[in-house]
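Protein chains in written order, with UniProt numbering: chain A, 1 to 713; chain B, 1 to 713.
It is worth saying that the hints were derived from the structure and are not from the lab.
Watch out, some of these pointers could steer you wrong.
DSS-like, lysine-lysine: derived pairs with alpha carbons at most 25 angstroms apart [unchecked claim]: (1) K650/A x K624/A; (2) K472/A x K404/B; (3) K623/A x K704/A; (4) K435/A x K472/B; (5) K79/A x K25/A; (6) K146/A x K238/A; (7) K594/B x K404/B; (8) K661/A x K675/A; (9) K472/A x K594/B.
Facing chain A, a subset of chain B residues (Cβ under 8 angstroms, in silico) [said to hold, decoys possible]: (10) H142; (11) D253; (12) A259; (13) D375; (14) I453.
For every residue, glycine included, the Cβ atom is placed at its ideal position computed from N, Cα and C.
2 protein chains.
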Amino acid sequence: MRLRLTLPFLFFLFIPVLVWSQTMKSPNGLLELGFELNQGVPTYTLTYKGKPVILPSKLGLELKNKPSLLDGFEIFELKHNNFDEIWAPVWGEESQIRNHYHEMEIHLEQPSTSRNLIIRFRLFDDGLGFRYEFPAQSNLAHFVLKEERTQFAMAGDHLAFWIAGDYDTQEYDYTESRLSEIRGLMESAITGNISQTSFSPTGVQTALMMKTDDGLYINLHEAALINYSTMHLNLDDKNMIFESWLTPDAIGDKGYLQAPGQSPWRTVIVSDDAREILASRITYNLNEPSKIKDSSWIKPMKYMGVWWEMITGKSTWHYTDDYAAIDLNSIDYSNARPNGKHGATTANVKRYIDFAAEHGFDGLLVEGWNVGWEDWFGNFKDYVFDFVTPYPDFDLVEIRQYAKSKGVEMIMHHETSASVRNYERHLDLAYQFMKDNGYNSLKSGYVGYILPIGENHYSQWIVNHYQYAIEKAADYQIMVNAHEAVRPTGVGRTWPNLIANESARGTEYQAFGGSKPNHVTILPFTRLIGGPMDYTPGIFEMDISKLNPENNSWVNSTLANQLALYVTMYSPLQMAADLPEHYEKFIDAFQFIKDVAVDWDKSWYLEAEPGKYLTIARKAKGKKEWYVGNVNGNESRLSNITFDFLEPNKSYIATIYTDAKEAHYRNNPQAYTIKRFLVSNKSKLSQFSAPGGGYAISITEADKSATKGLRKL
Amino acid sequence: MRLRLTLPFLFFLFIPVLVWSQTMKSPNGLLELGFELNQGVPTYTLTYKGKPVILPSKLGLELKNKPSLLDGFEIFELKHNNFDEIWAPVWGEESQIRNHYHEMEIHLEQPSTSRNLIIRFRLFDDGLGFRYEFPAQSNLAHFVLKEERTQFAMAGDHLAFWIAGDYDTQEYDYTESRLSEIRGLMESAITGNISQTSFSPTGVQTALMMKTDDGLYINLHEAALINYSTMHLNLDDKNMIFESWLTPDAIGDKGYLQAPGQSPWRTVIVSDDAREILASRITYNLNEPSKIKDSSWIKPMKYMGVWWEMITGKSTWHYTDDYAAIDLNSIDYSNARPNGKHGATTANVKRYIDFAAEHGFDGLLVEGWNVGWEDWFGNFKDYVFDFVTPYPDFDLVEIRQYAKSKGVEMIMHHETSASVRNYERHLDLAYQFMKDNGYNSLKSGYVGYILPIGENHYSQWIVNHYQYAIEKAADYQIMVNAHEAVRPTGVGRTWPNLIANESARGTEYQAFGGSKPNHVTILPFTRLIGGPMDYTPGIFEMDISKLNPENNSWVNSTLANQLALYVTMYSPLQMAADLPEHYEKFIDAFQFIKDVAVDWDKSWYLEAEPGKYLTIARKAKGKKEWYVGNVNGNESRLSNITFDFLEPNKSYIATIYTDAKEAHYRNNPQAYTIKRFLVSNKSKLSQFSAPGGGYAISITEADKSATKGLRKL
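Construct the complete structure from the given sequences, taking the supplied hints into account.
Listed below in structure tokens is the structure:
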């Protein structure tokens with residue numbers, strides 16, 4: 001279904017009016033957008049069921065060395081459009097996505113400069129998207145942004161789930177506070193990171209999740225960040241007005257644009273039901289359809305990795321401790337003494353392959369396989385990796401053949417050390433090397449400060465790099481899972497080979513001192529709004545000192561919570577991150593990780609409250625299998641769900657992996673129980689979840705022989 | 001002949017002495033280097049025939065966030081070496097180069113930090129080279145330069161030929177002044193350029209040429225600029241001490257180094273005869289031998305170009321005037337209206353091919369052949385060119401076939417618009433495209449400010465780019481002639497596919513308002529010290545308004561001077577830059593350009609005085625042909641030379657192209673005479689050269705039939 005209606009448009013030719021206004025409702029009529037041109041300044045408002053979401057907020061852009069596009073405007077033309085279609089993503093939380101909006105296209109003219117600007121609003125049932133468009137014109141060709149000055153005026157001192165605005169990291173724990181408290185909490189919110197550049201005591205990142213005192217959930221983010229600087233939000237905490245704060249380049253400029261062109265979409269997702277925030281597809285809908293014609297090579301997958309042992313410090317990425325600095329042009333590793341702790345040895349990798357094969361995993365990631373890790377970050381080193389030369393103890397051919405014989409696909413790892421030019425120089429060879437050796441997917445990393453010095457992780461220039469790497473990977477039919485890259489903005493619709501990102505505080509921080517127990521109840525409302533996250537769940541051993549006596553970190557999660565993450569943290573790429581020996585200890589719980597799907601026909605958001613809990617049910621794509629995940633915040637809680645997402649008049653077997661009564665993320669994380677029941681779509685479950693806990697359920701159609709002795713839920 | 005002697009070395013183990021000194025003489029004994037460690041600070045001096053060249057000058061480096069390598073040193077070890085060899089360059093002013101020096105290697109230890117630094121001095125008969133070396137050590141691995149603090153203390157207020165220190169251009173006219181006058185003249189020395197970033201009122205560029213009141217000629221430059229920032233010189237004009245001033249990156253850092261590693265060589269060429277400065281091979285000798293094993297594909301060549309007509313504004317690089325901005329991703333040139341002035345049309349290119357073929361030129365350069373020139377510079381545009389897509393009126397296949405049928409090799413043009421990342425992204429495809437289409441040589445350009453923004457033309461990061469482009473070109477067997485790149489430092493020895501650079505004010509400025517008439521008497525003492533220059537001589541029509549009525553530029557040179565440049569401005573790549581129709585008007589004078597060689601067995605520097613005149617004779621490589629060039633400064637002059645460079649007891653025919661008596665660069669530049677004489681190695685010539693004038697001579701062995709009627713000189 002694809003429908004486009006252009007309504008008769010109004011046409012104004014430089015008719016100066018003091019105030020000109022226009023409104024538009026969402027398809028279901030619950031949201032209303034107001035646009036006003038007041039004394040030449042464009043503003044907008046948004047209400048939901050009559051409640052204010054965005055108070056009058058200014059729109060516009062400040063240019064460098066040119067008159068600004070902030071005021072002095074007149075209405076030139078207005079167009080209304082409707083749009084309604086259903087499209088099928090290559091992978092996703094559902095196999096069919098509806099894209100339904102009312103559109104208003106406001107053509108502004110700035111008579112004093114004879115320049116034109118279009119502001120395009122798309123109003124969906126679940127929120128608003130809008131962007132600036134710069135049509136081709138004689139008086140605006142190339143221009144430099146000093147700042148985008150888009151306001152989001154809040155109607156009160158909302159509760160917010162925020163991380164500090166930063167040009168070089170997104171890897172912070174979330175702070176939950178009133179908007180007015182951000183300033184006072186900023187210092188403690190900025191925890192240490194290998195690269196970090198904060199910019200304002202009231203600057204925060206998107207996606208920003210908020211809750212109002214009158215029960216609205218509001219999410220601010222952006223969609224289709226292409227050839228533009230990443231948007232942060234800076235709060236005027238007297239007036240509770242957020243304003244866009246773009247990421248600058250080395251000289252402080254915020255973007256280089258040309259007409260015709262446009263900004264990314266700025267999004268406001270809103271509902272009085274937190275579950276609707278999770279169900280929103282605005283971010284994808286505002287991106288372009290897939291540019292990959294044949295996407296048959298893009299396959300969701302579950303994988304293991306020679307990784308957690310390095311993250312915890314049990315083993316090392318690097319091969320030798322002999323050198324204070326190495327130069328790949330001249331080093332001869334055959335002369336180096338192995339440090340005896342190198343993780344990516346042929347024998348160790350084969351051990352993982354054996355385990356992954358035995359338990360039906362699709363892939364195995366190996367980090368630290370390639371030369372150069374001895375001084376890999378913190379040195380502003382240009383030529384840090386070549387991406388094609390294995391360490392002497394990593395027999396690439398033997399491993400390739402062994403993995404193939406076992407039916408496990410090897411996953412490539414490209415740590416760039418944020419030396420972006422070096423990576424681009426090697427990209428074609430590195431991708432070709434992957435294809436030559438049977439690797440079809442890739443984890444890339446951008447640890448440390450960006451080279452060239454002065455750039456940062458989220459400026460336009462580096463955003464363009466991430467995009468370049470994704471598009472070039474598509475040429476090679478390679479799937480990309482980029483870590484430390486800019487947080488996603490739905491670009492995975494257009495380039496579905498971007499199967500995941502990290503771009504937030506992932507599981508690794510549980511081995512770097514730990515994350516807050518309720519972290520995973522917030523991420524789906526923030527980071528995941530833009531796209532899937534390679535969160536790397538599945539940690540069964542919470543006491544990291546058991547892996548590495550020098551590491552006193554504790555994984556702030558119960559084992560059942562870890563299982564639930566495979567459902568609640570949507571990703572077409574899911575890792576079982578812990579060591580084989582830990583899974584072998586809890587092989588019954590491990591069964592859930594083995595069973596759970598990674599691609600879905602449909603999702604149901606059963607319970608949700610950011611920072612507190614969320615419960616999601618999903619149907620596996622093309623299969624009669626359902627999976628439920630519940631993750632819980634800092635306090636224990638009773639989760640109440642019904643199974644009405646199942647088909648009626650059928651009987652199913654549900655295997656429920658729950659926290660035991662005495663479970664607790666800190667004191668007793670491995671206390672879990674597994675029970676099996678018969679369920680139907682009338683069944684209900686009232687289930688305890690521990691602090692930092694949760695539960696996971698796998699549901700299959702009941703065949704008679706298997707149901708013997710099972711009781712009904 | 002290759003000889004290496006290591007003399008017995010002295011060994012000091014942390015013996016604290018207040019002053020420790022050491023001297024070393026050049027092989028011929030005329031230069032003496034003094035090194036002194038005075039209270040822990042390393043200093044050096046240099047004398048020539050007992051006259052001071054460098055007064056006591058400090059050595060050392062200031063590091064960022066680390067203790068400096070400036071003082072607190074003790075002598076750890078001293079080594080003396082001698083070296084003498086003769087090597088054969090792939091191309092050059094002579095076919096055999098002697099590399100003969102005495103070496104002193106001073107190992108310093110800084111006990112307070114347990115760090116080591118080596119200062120290596122090489123003393124040649126014609127000057128000094130020295131560099132810093134950072135041996136592998138546990139307390140110095142990766143480090144950042146805040147500044148290199150190498151001093152060059154002058155013994156007086158010398159006369160200098162200088163251009164303003166600048167991070168983004170070298171394209172200035174030279175100013176001739178006392179050192180003490182630099183500050184006062186700086187403002188007028190900084191003329192406009194598309195990209196320019198000056199840094200100090202007493203900052204100047206190298207190679208810097210000076211003359212002392214007691215008759216010494218001193219040249220300061222660097223050799224082997226590899227993975228390091230370009231060195232400028234900043235003058236303390238109270239004490240007449242130059243200090244190194246490295247080119248910073250976007251955040252002001254001056255270089256990222258690791259041990260083991262080294263700085264480039266700092267060079268001091270000195271003589272009491274200006275001709276010896278021109279004859280010096282120090283810069284090449286301090287570079288590594290060629291890394292290109294089979295260099296048979298590197299061929300000196302003479303070429304023409306569809307270029308001068310764009311430079312003068314007679315035609316355009318771009319195809320259409322329709323667009324204020326274009327985007328190569330979406331533009332469709334088939335919809336564009338041609339502006340009617342596009343230079344690189346198939347018909348026009350074929351006209352040049354015809355002319356080049358008729359007159360025996362090796363190659364033809366065509367600029368503006370590829371899409372993207374409509375908004376190519378000044379806009380900080382990232383994706384500005386793709387380097388492979390011709391304009392619709394440039395039929396690449398037809399031109400390729402036509403050129404081949406005529407025996408003319410097409411020369412590729414890659415203007416990068418200084419968008420360095422974009423160029424690197426396209427480099428492999430662009431080079432492969434060249435090979436696929438029969439192009440073996442390339443002119444590249446870096447017009448405008450560097451992208452990424454904040455970097456500049458001469459920082460370490462961008463120096464590394466130029467080097468990358470050269471080395472990758474070698475992989476494809478492509479010769480590179482890079483314009484606006486960093487001025488050369490003898491790297492053409494190591495990578496002889498770097499056949500030329502611009503990297504100074506070239507002939508194009510004669511169409512941008514003109515250059516000083518004596519400019520070409522200075523360049524061989526400055527810019528050419530580092531390597532060949534694609535100066536693009538051969539302009540016969542000095543009144544640019546005849547090409548383009550809107551351009552009132554005047555070429556400040558006589559026609560005879562233009563001929564002489566093919567001898568005096570050494571390059572294995574020489575252009576005949578003017579239009580075919582101008583050569584047809586002066587076809588007798590054009591004969592010299594047709595005849596002159598581009599590669600040499602031997603060169604004789606007959607007369608030389610920077611800013612005033614120079615006369616050079618050269619023997620064509622492998623041929624019994626000699627060519628002489630004289631270029632003259634602002635005043636008319638009588639040049640007196642003997643032909644003793646010819647073989648004895650033989651008779652030769654000399655064709656002499658001279659300024660006519662009434663010639664003058666401004667009033668009467670096209671007044672020339674051509675005469676033929678019989679000469680022998682006893683012949684003498686006393687020849688008038690006009691202001692901005694000169695003469696050129698071609699000499700061939702006399703065969704009886706051809707000498708009939710010729711009189712002896």
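Results for each hint:
1. K650/A x K624/A: holds, 11 angstroms
2. K472/A x K404/B: violated, 35 angstroms
3. K623/A x K704/A: holds, 19 angstroms
4. K435/A x K472/B: Holds, at about 23 angstroms.
5. K79/A x K25/A: Measuring from Cα to Cα gives roughly 14 angstroms; hence the hint holds.
6. K146/A x K238/A: holds, 24 angstroms
7. K594/B x K404/B: holds, 20 angstroms
8. K661/A x K675/A: holds, 14 angstroms
9. K472/A x K594/B: violated, 48 angstroms
10. H142: Nearest chain A Cβ about 4 angstroms off; hint holds.
11. D253: holds, 6 angstroms
12. A259: holds, 6 angstroms
13. D375: holds, 7 angstroms
14. I453: For I453/B, the interface hint holds, since the closest Cβ of chain A sits about 5 angstroms away, which is under 8 angstroms.
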